[in-house]
Structures are given as C-alpha cells and as structure tokens.
Amino acid sequence: MAARTFTIDGQLISAREGETILQAARDHGIFIPTLCHLDGVSSVGACRLCLVEIEGSRMLRPACVTPVVEEMVVRTDTARLREYRRMIVELLFAERNHVCAVCVANGHCELQDLAVTVGMDHVRFDYTFPYCEVDISHPLFGIDHNRCVLCTRCVRVCDEVEGVHTWDVAGRGTDARVITDMRQPWGESHSCTSCGKCVLACPTGAIFRRGATVGEMERDRNKIAYIVAARDQRW
Amino acid sequence: MDLNELLAIAEHENAMRRSICIRCCTALGCQSAGSLSLKQRLEEAVAEVDRTDIEVMGVGCMGLCGHGPLVRVDPEGTLYERVRAADASSIVAALDGGEATAPKGDPHHPFFTLQKRIVLENSGIIDPERIESYIAAGGYQALYHALHEMTPAEVIDVVTRSGLRGRGGAGYPTGLKWATVAKSHGDRKYVVCNADEGDPGAFMDRSIIESDPHKVLEGMAIAAYAVGADQGYVYVRAEYPLAIQRLQRAIAQARRHGLLGAQIFDSGFTFRIDIRVGAGAFVCGEETALMASIEGRRGQPRPRPPYPAESGLWGRPTLINNVETFANIPPIIRNGAEWFASIGAETSKGTKVFALTGKIRHTGLIEVPMGVTLRQIVEEMGGGVPNGRVKAVQTGGPSGGCIPATLLDTPVDYESLQRVGSIMGSGGMVVMDDATNMVDVARFYVEFCKDESCGKCIPCRAGTAQMLHMLDLIRAGRATAADLDQLEQLCMMVKETSLCGLGQSAPNPVLSTMRYFREEYEALLADRGSAGETMDR
Amino acid sequence: MNKLRLATVWLGGCSGCHMSFLDLDEWLFELAHHVDLVYSPLADVKEYPDRVDVALVEGAVANEDNLHLIRQVRERTRLLIAFGDCAVTGNVTALRNVLGDPETLLRTIYVEHADIAGQMPLAPGIVPRLLDRVYPVHKVVPVDVYLPGCPPPAQRIRALLEQVLAGGDIYLTGREMIKFG
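Protein chains in written order, with the working numbering: chain F, 105 to 339; chain V, 2 to 538; chain P, 323 to 503.
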C-alpha cells in the first residue's frame with residue numbers, strides 16, 4: 105500500500121493511501137473534534153466539527169471523509185475554525201433541552217466534553233426550548249429526544265454492525281427525529297434485537313439503559329470496534 | 002425506425018396542417034385559467050362555421066402567463082389575451098371579418114421581440130402531446146445525426162465547444178461534466194434529468210416539459226450516447242402532475258417509435274428512460290439527495306467528492322443535468338457548436354429561460370440571450386412596476402440574492418450576477434417594488450430554507466432556525482446592533498460550514514439584503530436597554 | 323488596603339451554588355480579609371447597595387422580582403458574574419419553558435394535577451408574577467464573566483475569585499473551570 109506525505113498544522117506527517125485526514129491526524133496525536141464520527145461505522149460528515157482548511161481549496165472540508173492527498177497542506181486549528189466549532193456546539197445546546205445537571209450522561213457525555221473543548225462558557229443564541237418526547241416503552245432502554253443531536257450513530261451502528269436497521273431518521277430540519285421501525289414506540293419495534301449497540305454508540309444521554317440515573321451511566325465504546333475487528337479476522 | 006421513416010412522419014404531419022391554425026395554450030398556467038374548456042369551445046365554434054381550412058391546436062406555453070388564457074391565430078399571428086370560453090365563437094368569426102370580443106395582445110411588444118428562443122423554440126407552437134408534432138418541427142433528427150454520423154467523443158466535443166453551462170444554477174461546464182462521466186469506469190452508467198424545480202416563483206422546467214417534452218428526452222438520449230449510459234431517469238416533483246403526464250405520454254410514444262429502448266435508429270445504442278416522482282422535498286433538487294431518493298433512500302445529501310460523475314446512482318458513474326440543459330442539446334447538435342457559441346456573453350453562452358414574476362406588468366416565461374441587462378428584462382420586457390418603482394430584483398430563489406435597482410444595468414451572466422451577491426440560479430426572477438420591506442423578504446426565504454433543511458448537518462438545521470428567530474427578533478424591534486452583527490456571523494458560518502448547497506446558500510438572501518439595504522435592518526433595532534423591556538408584560 | 327465590595331445574589335435557583343460557596347470552608351476566612359460582603363442571602367441586607375465591585379449571581383431570571391433585582395444589580399455593579407448553570411443557561415429553572423406560558427403552566431400543575439382542592443395560586447403583592455419564560459441572566463443584562471457548573475465546585479469558585487482578587491483579565495478554560503452540569 106502506498107504512503108502519502110502531507111502537512112498538517114505545519115507538521116509533515118505520513119499516511120496510508122486512502123486514509124482520511126482524521127485518521128492520519130489521530131495517528132500522530134493531532135486532535136480534531138468530532139461528534140458524528142464513530143470508529144467502526146461509516147462516516148457521514150454531518151456534524152461539521154471536524155472541518156479543516158486545505159490550502160488551495162475554497163471550501164472547508166470534513167476531515168472524517170476527506171482522503172489524504174500527497175503534499176496537501178491542512179490546518180485544523182485556525183481562529184475561523186475555532187469560532188465556527190464553538191458556534192456549532194452552541195447551536196446544538198440551543199436546539200434542544202440539554203440540561204447537563206439532570207442528564208443520565210452527565211460527566212460521560214461527548215457533547216458536554218465538546219463544550220469544554222471549544223471553550224463554550226455560555227450560549228450566545230437564544231435557547232429554543234422545544235417540546236420533545238421521551239420513549240421508555242422498551243423494557244431495557246429509553247430514548248430522550250431532548251438530548252438527541254441527530255448524529256445518526258445509532259442508525260449506522262444498528263444498520264452496519266447489528267445488521268438490523270431498526271433506527272432511522274424521520275422528518276425534516278428541526279422536526280427531524282431518530283425513529284424505531286416505522287416510528288412506532290421502541291418497545292413495539294419488531295426488528296429491534298435489544299442488542300444495546302445504539303446505547304453504546306450514542307454520544308449523549310439520548311439513548312440510555314433504563315435504571316441509570318443522573319451521572320451513573322458509562323459506555324464501553326471500544327466494544328464496537330472490537331466487534332468489527334473480530335468479524336474482520338473471522339473472515 | 003430510420004431517417005426516411007422519420008422524415009415521412011414529418012412530411013405526413015405537415016401535409017395534415019390546415020392553412021389557419023388557432024393555437025390555444027394548454028400549459029398549466031392557462032389551464033388553471035380555464036383554457037381546456039376554451040379549447041373545446043374553439044373546436045366547436047370551428048365545427049359550427051364548417052370551415053375545413055381552420056384547425057385548433059393545443060400547444061405549450063406562449064410566455065405571457067400573467068395574461069392567460071392565451072390564444073394565437075396563425076399564420077397572421079393575432080394574439081388574444083385573457084380569453085374566456087364565451088369569446089371562442091367571436092375569435093372564429095373574426096376570421097371572416099367579425100370582431101373578436103377577447104382583448105388583443107401585442108405580439109410586437111419587447112416582451113416577445115427581445116426574446117431569443119432556443120430552448121423554447123417549439124413552445125407554444127407544437128402540440129406537446131403528439132410526437133408527430135415534434136418530429137415535424139425537426140425533432141429527433143439531432144439524435145439520428147449523433148448516432149449515425151458522430152462518435153461519442155465528437156458529441157462531447159461539440160457540447161464542450163458550444164460553451165453550454167449547467168442551467169440548474171451553478172453553471173458548471175456541461176461538456177466537461179459529460180467528458181468526466183464518459184471517462185469514468187463503471188459496468189453501467191446513468192443519465193439523470195433533474196426536474197425537481199423547487200424555487201419559489203420558478204416554473205421554467207415545468208413549462209419546458211409541459212410544452213416540449215420530447216426535446217428533453219432527445220437531449221437525454223444524446224447525452225446517454227455520449228457518455229455511454231443505457232438507463233435514464235427523470236426526477237420530477239409530484240407537484241407537477243401535468244408535466245408528469247406529458248412526460249409519460251412522450252416516453253411511451255418515443256418507445257413505440259423506436260426512439261427510446263433497444264437499438265435506437267437501428268444502431269447498437271440502447272437507452273431507456275423511467276420517471277421517478279419526488280415527494281416534495283426541496284433538498285432533493287440537490288444532486289446527491291436526488292440520487293438517494295431515486296435509490297429509494299431518505300432524500301438527503303452526502304459530502305462531495307466523490308461527485309456523481311465518478312460515483313453516482315448505486316455507486317456508478319452518473320450524469321446529472323437540469324431540464325433546460327438537456328433541452329439545449331438537440332439545437333446544439335443540429336446547428337453546431339459555433340452557432341451556439343455566437344449567442345450570448347463572453348463566459349456565458351446561449352440563452353437563459355427566466356420565470357419573470359413579482360410586482361411587474363408582464364409576468365411569464367421568457368428566454369433571453371445571456372448578457373442582456375436586468376433593466377432590459379424588468380423595464381422593457383416586463384414593462385416595469387405598475388404605479389411604483391423597482392426596488393430590487395431577486396434571482397436564484399432561496400439560494401440567490403436581492404439585487405438593488407441601482408445595479409439594474411448588470412448583465413445577466415453567471416459571473417456578473419455572482420459579483421453583485423446573487424446567482425443565476427435556475428431562472429426564478431422576482432421583481433420587488435418600493436413598498437417591499439427587504440427584511441420581510443429575507444425572512445421569507447430563510448423560513449423556506451429552514452422548513453426545507455433535511456436536518457442532516459447542524460449548521461443548516463439549527464443555524465437556519467436561529468437565523469429565522471433572529472430575524473423575527475429584529476422585526477419585532479427586540480434586537481440590538483450586537484444582535485445584527487451576530488446574525489451576520491451566523492450567516493457566514495452557515496454559508497461556509499453547511500454540508501450541501503441548500504445550507505451553503507441559505508444565508509444569501511440575508512447577506513445580500515444586509516449588503517444593499519442595511520438601513521432597513523437598522524431602522525428596526527432597539528437600543529440595549531429597551532430590548533429587555535419587552536420582558537415586562 | 324481597600325477591600326472589594328462583594329455581593330452574592332439569589333435569583334431563580336435552588337441555592338445550591340450558595341451552598342457550594344459555603345463549601346469553601348476555611349478559605350472563606352482568607353476571602354474575608356479581601357472583601358466586604360455587602361449584599362447576600364447569607365447576610366441580612368434588604369436593599370442592593372451602590373458601588374458594588376463584584377456580584378456572584380445565582381439563578382435564572384424567572385419572575386418580576388428577579389427582573390427588578392438583576393437590573394439593579396447591573397446598574398450598581400462593576401463586575402457581574404453569572405454564577406452556576408441556572409444563571410448561565412437557565413438550567414433546571416428553565417425546564418418550565420418547554421411547558422408553555424405561565425398561565426398554562428400554573429393551571430397544569432395547580433389545577434389539573436392537584437390531588438385535592440385545585441386552584442390557581444394568586445397572591446398579588448406577595449408572590450411575584452412569573453415572566454413569560456425563564457431567561458439566563460445574559461439575555462436580560464450584560465454579563466461580564468460566566469462560571470458554569472451545577473453547582474460550580476468550591477475549588478472552581480475559589481479559582482475564579484482568586485483571579486478576581488488578583489485584578490487583570492479573567493480567563494476561564496478547561497474541564498475544571500467551564501464544564502456544565
């Protein structure tokens with residue numbers, strides 16, 4: 105496999121052919137914030153937090169789906185990117201009711217961590233306070249749409265790893281919701297195998313194991329990469 | 002089917018023509034004003050006077066949609082406007098020296114004389130429901146010519162040299178796109194016609210399909226031959242029932258005549274076209290979302306690259322062009338690249354069809370050579386604003402911008418419109434008069450984009466919602482100068498970080514109105530102290 | 323040496339942030355060398371004084387009393403610190419915003435869901451009227467510094483106050499200082 109050499113934040117690094125900017129950066133300990141990205145499932149480039157500047161490109165590019173090109177010059181941490189990332193995280197907090205203090209994922213939440221990463225000490229936009237459903241019809245798990253950021257990690261892990269596709273997205277724009285089967289309550293879903301991979305995949309407190317109260321829930325996300333690796337080796 | 006058979010159909014069709022033809026528009030605009038019953042009355046009136054030299058023909062759009070239903074009596078070209086069914090017999094009687102009761106239009110008005118019709122050459126002239134009518138107008142000869150006298154590379158070369166650019170809005174060179182698809186490897190390739198026209202106030206593509214559907218099919222077939230595709234799709238929105246119906250009929254007719262399907266014109270070329278009906282999501286006009294929808298998945302965009310030319314429908318090379326782009330192809334093949342390149346402006350060749358609407362005297366469908374000025378379109382062709390002044394012209398729909406009256410001398414070409422903060426877009430052109438509040442205009446388009454955002458990426462989904470909220474605060478007199486700056490920053494962020502064209506261009510109506518009409522925003526601002534007062538009920 | 327005039331303010335919140343402030347324990351004696359506590363729910367002062375140097379404002383702006391007080395605070399204070407998640411985001415206090423306007427809210431809680439003798443609470447002049455919705459402090463008056471946390475841990479409060487006492491620009495960053503919840 106051919107290797108590629110390129111520059112990232114002034115540092116000359118190497119990458120395998122076909123590798124994304126995000127993979128190469130992580131291999132070299134360069135941090136690029138992400139939210140919709142999850143190791144083990146496909147990338148969709150939706151959250152826009154991993155956008156980077158590429159010299160010669162008018163557009164910002166998502167590091168998670170942009171392959172490394174020989175002699176490419178990438179910047180991951182400019183003033184513009186920092187400001188845009190903070191605004192994106194602020195938009196998420198303003199969009200639904202993310203009340204960290206009373207969330208099951210408090211202390212183990214990627215959105216909460218992102219707020220720290222981007223230096224968000226307050227949200228400049230007005231909160232929208234939408235009314236959102238909570239579905240606890242499933243005996244083991246629950247989904248609280250107040251906390252959902254629509255990263256679709258649950259959708260992808262269910263489809264690509266469990267092979268079931270119980271989850272999908274319905275509705276448009278701010279009305280978009282992740283749904284189970286044809287939008288019936290999760291507990292009435294015929295396809296769900298109750299495997300719990302969506303609980304592992306969820307970055308926030310949206311999908312949770314029932315019985316976890318504030319701050320109790322932790323996730324072992326390595327399991328997903330573990331399952332994928334185990335399968336790869338079996339075949 | 003071979004060339005002789007094609008020419009025989011044309012000859013027979015021409016021999017059938019009567020010396021006087023009363024053409025009645027049956028496109029959707031005039032239909033909604035009652036043209037179907039009018040056409041029936043005209044036929045009855047002709048039968049009553051028992052004249053075999055007169056025929057009545059249902060035709061496509063004549064352009065002056067705001068004055069419909071329209072009837073034109075050829076060959077002398079008398080134009081009647083706002084014709085009621087009750088006027089029918091008087092129009093027939095006028096051929097014998099009587100007086101028609103319907104108001105006469107002026108076919109020598111600049112609205113008609115400043116037009117240059119390439120895409121719309123048959124529109125309002127042929128019967129869109131009969132393939133013979135299209136063939137009699139020279140239809141499908143370009144396809145024959147391409148298949149039997151040109152290699153695919155030669156076809157692409159002609160399109161490239163013609164200078165044609167994508168009419169969907171972005172203006173990507175059509176020849177280059179075709180060449181890329183032709184060079185891409187795939188066990189199968191596809192040609193897709195984007196007829197998911199969704200801009201508020203735009204009806205170019207609908208009119209083209211309703212008025213001359215075979216022309217689009219012929220353009221697609223030539224494209225498929227050039228890039229090596231054997232399957233085509235027309236993605237058309239469900240809100241266009243008449244266009245869908247005429248397309249279906251046209252596809253069936255073309256198949257019956259051996260002009261679509263296997264071994265077209267007795268060549269080795271096979272090409273089938275199917276229709277896919279969109280369910281009304283604006284974002285499905287974006288090419289990657291459109292392809293997802295054709296594949297039966299949720300219509301939402303994905304990051305590019307890879308571009309459809311490389312990896313499109315089901316991962317195969319796919320050529321996607323807009324309706325108007327395909328409709329330009331048969332005339333280009335027929336008349337040559339040089340002919341097309343001699344029309345229009347330096348970097349934008351040919352013509353552009355616009356749906357001219359808003360506060361203007363003559364609304365409707367026009368086709369003008371690239372390079373004419375907005376002033377010519379708005380003031381001469383459109384006749385200006387009744388009882389008022391032009392304040393701004395909006396082009397490009399929700400992706401475009403508002404161009405102020407002071408810039409009306411801007412020529413209509415891709416680069417010039419971009420320079421003044423708007424875009425060519427697919428051809429919507431909305432004229433606003435001085436009674437229009439530009440903050441309200443911006444709000445209208447932002448609300449549209451917010452409602453139509455697919456919700457996949459955060460900047461577009463949550464950003465447009467915040468833009469709308471902030472515009473409402475401004476309109477309610479509850480925003481400060483700092484809020485205005487924040488809105489501008491948010492717009493820049495949404496523009497630069499959104500995943501697809503919908504989000505990237507959603508801030509344009511705000512940014513362009515802020516650029517040219519900032520004082521209208523500032524007039525609505527509250528000072529910091531009084532902004533808080535609104536919390537006291 | 324001039325002592326800083328410090329105020330702590332309690333708007334719509336649970337007073338947990340004040341509890342956390344008291345968790346500073348013996349450092350409070352150190353603090354007392356540098357500040358005069360001129361107004362606080364912990365001190366019996368009725369009227370918010372003039373010329374306050376620093377105010378720690380706990381809670382969101384939820385009712386007319388809160389609104390009146392926060393405007394006074396802003397007018398009379400040099401450095402206004404949004405103290406804790408309710409002040410910074412609305413937090414738990416703002417959960418009611420999802421349920422609609424005050425009239426609907428009160429009816430839902432005190433009439434529809436009442437076990438016995440449901441009635442609308444009404445005591446003009448005694449219980450302040452609710453605002454149409456709950457606002458974080460910076461949506462009502464300008465805020466100078468934001469200290470997230472529910473509550474901000476005592477060490478976080480101390481780190482902030484040390485920066486305040488040192489004068490100069492205040493700069494809060496990292497998980498220890500700005501994590502919500």
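Since the hints were made in silico from the structure, they are not lab data.
Note that the Cβ used here is the ideal one computed from N, Cα and C, for glycine as well.
Take the hints with a grain of salt, since some may be wrong.
To be verified - If the Cβ cut is set under 10 Å, some of the chain V residues that face chain F in the computed set are:
1. Thr437
2. Ala466
3. Gln467
4. Met471
As the list claims (entries may be wrong) - Partial pick of chain F residues on the chain V-facing surface, computed with a CB cut under 10 Å:
5. Gly114
6. Ser147
7. Ala150
8. Cys151
9. Leu153
10. Pro166
11. Thr170
12. Pro171
13. Val177
14. Val193
15. Ala198
16. Phe229
17. Asp230
18. Thr232
19. Gly275
(message) Are any of the numbered hints broken by this structure? If so, which, sorted upward?
(response) Per hint list: 1, 5, 13 violated.
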